[in-house]
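Q: Following the hints, position chain B against chain A.
What follows is the residue order along each chain.
Protein chains: 2
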Amino acid sequence: MSNEIKVRSYVEQINAALKKYIDFSDDESDKVAQAMLYSLEIGGKRVRPMLVLEFCRICGGNVEAALPFACAIEMIHTYSLIHDDLPCMDDDDYRRGKPSCHKQFDYATALLAGDGLLTLAFSVMAQASLPAETVVKAIKLLSDSAGYLGMIGGQTMDLQHEGMSVGIEKLQKTDALKTGKLIYAACALGCVAAGADEEKLKAAEIYADNIGLAFQIVDDLLDITSTSEELGKPIGSDAENNKSTYPALLGLDESRKLVNELTDNAIKAVSLFGDDGNFLANYARKLSVRTK
Amino acid sequence: MSNEIKVRSYVEQINAALKKYIDFSDDESDKVAQAMLYSLEIGGKRVRPMLVLEFCRICGGNVEAALPFACAIEMIHTYSLIHDDLPCMDDDDYRRGKPSCHKQFDYATALLAGDGLLTLAFSVMAQASLPAETVVKAIKLLSDSAGYLGMIGGQTMDLQHEGMSVGIEKLQKTDALKTGKLIYAACALGCVAAGADEEKLKAAEIYADNIGLAFQIVDDLLDITSTSEELGKPIGSDAENNKSTYPALLGLDESRKLVNELTDNAIKAVSLFGDDGNFLANYARKLSVRTK
Chain A
6 MSNEIKVRSY VEQINAALKK YIDFSDDESD KVAQAMLYSL EIGGKRVRPM
56 LVLEFCRICG GNVEAALPFA CAIEMIHTYS LIHDDLPCMD DDDYRRGKPS
106 CHKQFDYATA LLAGDGLLTL AFSVMAQASL PAETVVKAIK LLSDSAGYLG
156 MIGGQTMDLQ HEGMSVGIEK LQKTDALKTG KLIYAACALG CVAAGADEEK
206 LKAAEIYADN IGLAFQIVDD LLDITSTSEE LGKPIGSDAE NNKSTYPALL
256 GLDESRKLVN ELTDNAIKAV SLFGDDGNFL ANYARKLSVR TK
Chain B
6 MSNEIKVRSY VEQINAALKK YIDFSDDESD KVAQAMLYSL EIGGKRVRPM
56 LVLEFCRICG GNVEAALPFA CAIEMIHTYS LIHDDLPCMD DDDYRRGKPS
106 CHKQFDYATA LLAGDGLLTL AFSVMAQASL PAETVVKAIK LLSDSAGYLG
156 MIGGQTMDLQ HEGMSVGIEK LQKTDALKTG KLIYAACALG CVAAGADEEK
206 LKAAEIYADN IGLAFQIVDD LLDITSTSEE LGKPIGSDAE NNKSTYPALL
256 GLDESRKLVN ELTDNAIKAV SLFGDDGNFL ANYARKLSVR TK
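Chains as they are written, first to last, in the working numbering: chain A, 6 to 297; chain B, 6 to 297.
In case anyone wonders, no lab produced these hints; they're calculated from the structure. Be a bit skeptical, because a hint or two may be false.
Which copy? The list can't say, so a pair holds if one copy fits it or any two copies do.
[To be verified] Cross-link-like lysine-lysine pairs, in silico, BS3-like; alpha carbons within 30 Å at most:
hint: 1; residue 1: Lys-103; residue 2: Lys-50
hint: 2; residue 1: Lys-178; residue 2: Lys-25
hint: 3; residue 1: Lys-291; residue 2: Lys-175
hint: 4; residue 1: Lys-175; residue 2: Lys-262
hint: 5; residue 1: Lys-25; residue 2: Lys-142
The shape of chain A in the complex, shown without the other chains (with noise of 0.2 Å):
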């Protein structure tokens, strides 16, 4: 199966899944459920979810088992979203270019709609007809990597960065955090939902922080040479609003080599998995050259 084409599928499968889990009342109480179900159907590239389920099959696992751990994360990554856009935080009126859930219902209810994606993402995850003991691991991986020594610290990080430049060492560190720890928990939960060695284990995380880094570099250099259109969002805000970038750290051609250099490591160790790794290898060079 060609990449293109087991993208399509895994999406399919992902989006039909994610619906599955949102039941709605009659009553009054709707409203944060449709919330809810508005920002997961915005779609996005589902990369996290994707990585859940690849890694599960290269590693010799269920996929079909490992599907609720790839909605988790989704709706994990989808509640940062939504209040990560809340005027408190980045004030974004448009995520992929549909009105922010803030702008479509109203702030509580956003706020509500984040809280409650966070809070299914663990029913969710305990709905899996994996052992227990797999299932209590996983947990554990997802909420210490979402949580506030995981991408929460790294939230944190990020607000006290406001309006001031920081160094290429304190921005990484951020990143690592912010965005790093929930791509890591996606390439191992798949591993564990396969119950993975730790050989492969130590392949899933550095492929990780490799695609984690380059992925977040690709963000600032999207946000300088992309179009608005393309990106389904406002470019060039990250200059407007003094943010530290790799392009304003390092410059264009040194960050986009860098980008080269991660993806390079990460095709590396999931060169560990010989012909089963080629569609890690090819998506993270897709993710690479992406343009939006």
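A: Then chain B, alone, in the frame of chain A:
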């Protein structure tokens, strides 16, 4: 042991355990950890974790082993208060006589501290020294109770009622979700930790449903009859906000009578446990006559 002394001993045990779960790093992400701990330490009655521990004890379980469940539910309760106090929700500057989280820190940090506590709760659950099947069952129970079909659903309904008066049925349904579900989860988690049978779980549910509603009615009564100093927050805010309350709908005397009836029901439910149910019976009585 008298009820009074036992409550104090439980509270000490819970406070010591809660603290243990917050680590401090030495970087800028520390701020969110400080905010999380600040809100956890504002105090409160620790009703929910106490219910976890006591139900575990009277169902013959290991109280020590249930402590992570107790801490998790208090973290979720605390996060819900932090988010409820935010300007986009109830906009309360004080909580238990102290500045609420967003006043002590800032809006964004309070948002993240709430997210952090909610996320941490599940990591803490996953660390319990109990059979993995028990932990998974408990996580499912807590996330469903706290989620969009539980507590968050109740908060959503509450939002729709802002500035309008609703009937007693709608008010009860809202409260059954908003405060009732988490009190139910507390009682049930204790039973689950102990591996209790269906009969005990059912008794816990009846106890929870009755003290849950009684608790809410007493809250409404105190908003009218207490002093601001005693409550640690402004009084009369319900009437000012045109909020439907039990005393407004039923009158003071009827409301007080209903509290007594509900408390009697709760006491009857735990008579299943014989003398072992005495603490919970006395506790239900104590909550019904509390002055803050």
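Q: Look at each hint and say if it fits the structure.
A: These are the hints, each one checked on the structure:
no. : hint              : in the structure
1   : Lys-103 - Lys-50  : within (15 Å within a copy, 44 Å between copies)
2   : Lys-178 - Lys-25  : between (36 Å within a copy, 25 Å between copies)
3   : Lys-291 - Lys-175 : within (27 Å within a copy, 52 Å between copies)
4   : Lys-175 - Lys-262 : within (20 Å within a copy, 61 Å between copies)
5   : Lys-25 - Lys-142  : both (24 Å within a copy, 20 Å between copies)
In summary, the structure agrees with every hint in the numbered list given earlier.
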